[in-house]
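K.L.:
Take a look at the letters that make up each chain.
Number of protein chains: 2
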Amino acid sequence: MPKPEKHVFICTQMRPMGHPRGSCSEKGCTPVAEEFWYQMQERNLFGRFAVTSTGCIGPCGVGPNVLVYPEGVMYSGVSKEDVAAIIEEHLLGDTPVERLKAPADVWG
Amino acid sequence: MPKPEKHVFICTQMRPMGHPRGSCSEKGCTPVAEEFWYQMQERNLFGRFAVTSTGCIGPCGVGPNVLVYPEGVMYSGVSKEDVAAIIEEHLLGDTPVERLKAPADVWG
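Order-wise, the sequence lines are chains A and B. For the first sequence, position 54 (counting from the first letter as 1) is numbered 56 according to the numbering used here, and the numbering increases by one without interruption. For the second sequence, position 66 (counting from the first letter as 1) is numbered 68 according to the numbering used here, and the numbering increases by one without interruption.
Treat each hint with caution, since some may be false.
Since the list gives no way to pick one copy over another, a pair counts as held whenever it fits inside one copy or between any two copies.
Said to hold, decoys possible - Keeping only pairs whose Cα atoms sit at most 20 Å apart, straight-line, the calculated SDA-like set for lysine to any residue is: (1) K5 - V64; (2) K82 - M16; (3) K5 - E73; (4) K5 - F48; (5) K5 - P72; (6) K103 - M3; (7) K82 - E37; (8) K103 - E90; (9) K5 - A106; (10) K5 - C58; (11) K5 - R101.
What the hints contain is simulated information worked out from the structure, not anything from laboratory work.
Chain A extracted, bound-state conformation (with noise of 0.2 Å):
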């Protein structure tokens, strides 16, 4: 593949029920990441981005999260509906979406 404009991370680290730092998996990331493969795939847009999914990314009490790079934008509390936020706005747009970045003191 061509080197991506822009790269997706999705972290889909599990943990064990109770653990106490919880994960992205048991706040939900497994919708959000199926959406992102769903709607690239429909967009017709792997030629031109990637979407990985990952191991833990660091803030996990406020997942699932989603880090797009080369910008490095992390964003925290993202839900299904999310992703076509992110796919329009910020990869085609590219203009990030604000509303859903991570808090500047997990992320800063």
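Starting from the structure of chain A, add chain B where the hints point.
P.N.:
For chain B alone, coordinates are given in the frame of chain A:
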């Protein structure tokens, strides 16, 4: 955590033995990932740089693959012995390691 100066993504994708795409796991990514975590800890660098394991990042045939953002530099065929060079030259020295870069036809 603060936003890292650089973020190292290590593919740790597994596939069944004999799968036509192979995988970074089959090609030896585990010792590479362990060496990154060990050296980052030893050098006390986790405050500046992040290291994250990932699912597939693309060029399975030339793995183990390691991708560094924000530059978007893909390293392929990485071995445990290459980790120190990536940390010293790229992370600390801000100069990507040319000899380890993935071929341009897989990440160009």
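K.L.:
Decide, hint by hint, whether the structure agrees.
P.N.:
Right, here's what the structure says about each hint:
1. K5 - V64: Between copies, since 15 Å is at most 20 Å while 30 Å is not.
2. K82 - M16: Only inside one copy: K82 and M16 sit 18 Å apart there, 26 Å across copies, limit 20 Å.
3. K5 - E73: Cα proximity of K5 and E73: in one copy and across copies (15 Å, 11 Å).
4. K5 - F48: within (11 Å within a copy, 27 Å between copies)
5. K5 - P72: Both. Shortest intra-copy (11 Å) and inter-copy (12 Å) distances satisfy the 20 Å Cα cut-off.
6. K103 - M3: Classified as between; 15 Å across copies, 29 Å inside a copy.
7. K82 - E37: within (6 Å within a copy, 35 Å between copies)
8. K103 - E90: This pair counts as within: shortest intra-copy Cα distance 15 Å, inter-copy 31 Å.
9. K5 - A106: So K5 and A106 pass the 20 Å test across copies only (9 Å; inside, 29 Å).
10. K5 - C58: between (23 Å within a copy, 14 Å between copies)
11. K5 - R101: between (28 Å within a copy, 18 Å between copies)
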